[in-house]
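There are 2 protein chains.
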Amino acid sequence: MERHEIKRTDVNELGEFGLIDHLTVDTDVKRSSTLKSIGDDAAVLKNQNEVTVVSTDMLVEGIHFDLMYTPLKHLGYKAIVVNLSDICAMNAIPSQVTVSLAISNRYSVEALEELYEGINLACKMYNVDLVGGDTTSVNKGMVISVTAIGQAKADDIVYRSGARVGDIICVTGDLGSAYLGLQILEREKQIYKESPEIQPDLGELDHIVGRQLKPEARMDSVTHMAKVGLKPTSMIDISDGLASELFHICKQSNVGAYVEEAKISIHPQAEEQAIAFGINPITCALNGGEDYELLFTVSPDDLEKVKYMPDVFLIGEIVPSGDGITLHTTSGNVHPLKSQGWNHFDEDELDD
Amino acid sequence: MERHEIKRTDVNELGEFGLIDHLTVDTDVKRSSTLKSIGDDAAVLKNQNEVTVVSTDMLVEGIHFDLMYTPLKHLGYKAIVVNLSDICAMNAIPSQVTVSLAISNRYSVEALEELYEGINLACKMYNVDLVGGDTTSVNKGMVISVTAIGQAKADDIVYRSGARVGDIICVTGDLGSAYLGLQILEREKQIYKESPEIQPDLGELDHIVGRQLKPEARMDSVTHMAKVGLKPTSMIDISDGLASELFHICKQSNVGAYVEEAKISIHPQAEEQAIAFGINPITCALNGGEDYELLFTVSPDDLEKVKYMPDVFLIGEIVPSGDGITLHTTSGNVHPLKSQGWNHFDEDELDD
Chain A
3 MERHEIKRTD VNELGEFGLI DHLTVDTDVK RSSTLKSIGD DAAVLKNQNE
53 VTVVSTDMLV EGIHFDLMYT PLKHLGYKAI VVNLSDICAM NAIPSQVTVS
103 LAISNRYSVE ALEELYEGIN LACKMYNVDL VGGDTTSVNK GMVISVTAIG
153 QAKADDIVYR SGARVGDIIC VTGDLGSAYL GLQILEREKQ IYKESPEIQP
203 DLGELDHIVG RQLKPEARMD SVTHMAKVGL KPTSMIDISD GLASELFHIC
253 KQSNVGAYVE EAKISIHPQA EEQAIAFGIN PITCALNGGE DYELLFTVSP
303 DDLEKVKYMP DVFLIGEIVP SGDGITLHTT SGNVHPLKSQ GWNHFDEDEL
353 DD
Chain B
3 MERHEIKRTD VNELGEFGLI DHLTVDTDVK RSSTLKSIGD DAAVLKNQNE
53 VTVVSTDMLV EGIHFDLMYT PLKHLGYKAI VVNLSDICAM NAIPSQVTVS
103 LAISNRYSVE ALEELYEGIN LACKMYNVDL VGGDTTSVNK GMVISVTAIG
153 QAKADDIVYR SGARVGDIIC VTGDLGSAYL GLQILEREKQ IYKESPEIQP
203 DLGELDHIVG RQLKPEARMD SVTHMAKVGL KPTSMIDISD GLASELFHIC
253 KQSNVGAYVE EAKISIHPQA EEQAIAFGIN PITCALNGGE DYELLFTVSP
303 DDLEKVKYMP DVFLIGEIVP SGDGITLHTT SGNVHPLKSQ GWNHFDEDEL
353 DD
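Note that the protein sequences, when read in sequence, are chains A and B. Mind the numbering: the first sequence is residues 3 to 354 in my numbering, read in order. Mind the numbering: the second sequence is residues 3 to 354 in my numbering, read in order.
Hints may contain errors.
As the list claims (entries may be wrong) - Just a sample of chain B residues kept apart from chain A, beta carbon distances all over 12 Å, derived:
1) Ser35
2) Asp42
3) Asn49
4) Gly205
5) Tyr260
6) Ser301
7) Glu306
8) Ser323
Said to hold, decoys possible - Here are the computed lysine-lysine pairs in the DSS-like style, where the Cα-Cα straight-line distance is at most 27 Å:
9) B/Lys233 with A/Lys48
10) A/Lys48 with B/Lys340
11) A/Lys253 with B/Lys48
Hints are computed from structural coordinates only; laboratory data are not their basis. Glycine residues also receive a C-beta, built at the ideal position from the N, C-alpha and C atoms.
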């Protein structure tokens, strides 16, 4: 579903080169490290710091997004943010992105302008330059591939593999909201399909719907940690759910973990909606994806530094690998944690 | 059409994480600048030189490739090479790549292994590390997005915009072959569809078919130029045809150009097949795409250096922009050159 289709310019009118020029005309260079942006065979970046960090992600219509309820501007914003989140998870600061786009001819130039509005907004918010890309056609749907580049001092990089027994497990922000936002949007889509005359009522659900449609990368947390001299021992961004990410850290660090259910932050809207859907809120927090918060571990020596960090929750502790990965529930039980994650190959594909 | 389908493992058996692990298990790190490859939120690259060069390209089944006649191993090889070609065109040396893949469930794990065989082979041939990527599903077909990263000293970078009046226009290798290779493959596909029992006979066409299926990036030319101390004034790789690329250089350098038809190298196989297809061979050289040779300009002061460069042809001269872009034909005529290029939005899509 495309929006605001007052004017519809066919992409053929601009041609491939014309389209790229048109969509990137407002792309200003913000970073002094961007020596050459779009317009040559490759972008040229000055190496100001010791290491460059690179991450790439692909978003596919019908798998990762449904244009029935995702405005194109939000989609563009999100496509950038999810990649910046990966750079942040390395304890690095994102500096440049490239965007490649495969689109079917059902998208007008105006629709792509909306997409790029979101892309440009995200670049502006995070002070990142769009330095390259490719635009091509595809028989059906849309595929967006983003590569993000960041910079850090070599000693500042944080891997998934550095968690040690005794480390404190920390999470930024609240979890499960993005998943419940998606459930709400899916429900409204069904209602719309059955009764198009009914207007969606999302008044009280702004937080969870917003978390799904317009996620943010926790660059603020990375910046804060640098300011207070806190370097996590391990870090990962939560794209597939807390449980799945904790498994990655434990596997790569060769440790176990225990997590206290009561310490995990769940937004009241998320809690309420989970119950309304008949799901345990903690299940959404553990296995719902797309929150893009940071999961990290810190040495107990850094307790004072992390304790006063804004919007950070201390949810558990790293234990020997033999102790496994467990959840201590509010009712006093201990459950082995399962990594469900989001497996896009198993998932039923969204219909369109 | 998938090949060697003796064993067919469904991708669901491995899951998304399992699939990435499986396909990248042979990915060894060759570059000392690759501090961290696949397996974390992002790759970490050491900045050994002064600048980093980044380029990205997307290949879409049915638009950029037809699996009816493109073996998956060749496709993987080509997907890497076309991106390395962009890095070379900046006068930089490629060092790392990321590969993102969207695939429909009609591809088996074995088919993807073949694709990665080609990807790994290209990485090996060009001494480049595969440092990241994403694997996801798509409803139909295949989309491959590659980002290539290279390194250079800041002063060595060559842009499209540096051509000056009086500069000599040079091209590596022969042109038009990849386009004619494609025509041969398309013809054989039609014959196969009409009479599947007829075996294709490509015996005498190894050069042009090879140029289409297994192109190479001219890293050898970039290395040679560095060795003899030759820095072009402008450079671009020929992906859309000589005419189109020359237009890019002239537009960005604000100059004109004249090209001598007789100086353009056309392989005998290409010449013969062009005539058989009823096309002027020079048209194939000017407007056929995918040769991935380098088009560059050098100062007349560097004539001696470029004259003895292996596999380089001096095809013309940069002139004032008012003189336009012209072709001096073998018959003594002067024609204004037209930039047709390959416009994938205008092209009839390959049927599958």
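Status of the hints after comparison with the structure:
1. Ser35: violated, 9 Å
2. Asp42: Not fine: 5 Å to the nearest Cβ puts aspartate 42 of chain B too close to chain A.
3. Asn49: violated, 4 Å
4. Gly205: holds, 34 Å
5. Tyr260: Since the minimum Cβ distance to chain A is about 23 Å, tyrosine 260 of chain B lies beyond 12 Å and the statement holds.
6. Ser301: holds, 20 Å
7. Glu306: Nearest chain A Cβ is 27 Å from glutamate 306 of chain B, so the label holds.
8. Ser323: Given that every Cβ of chain A is farther than 12 Å from that of serine 323 of chain B, nearest at about 18 Å, it holds.
9. B/Lys233 with A/Lys48: holds, 20 Å
10. A/Lys48 with B/Lys340: Not satisfied, since the Cα-Cα distance of roughly 36 Å exceeds 27 Å.
11. A/Lys253 with B/Lys48: holds, 26 Å
Hints 1, 2, 3, 10, counting from the list given before, are not met by this structure.
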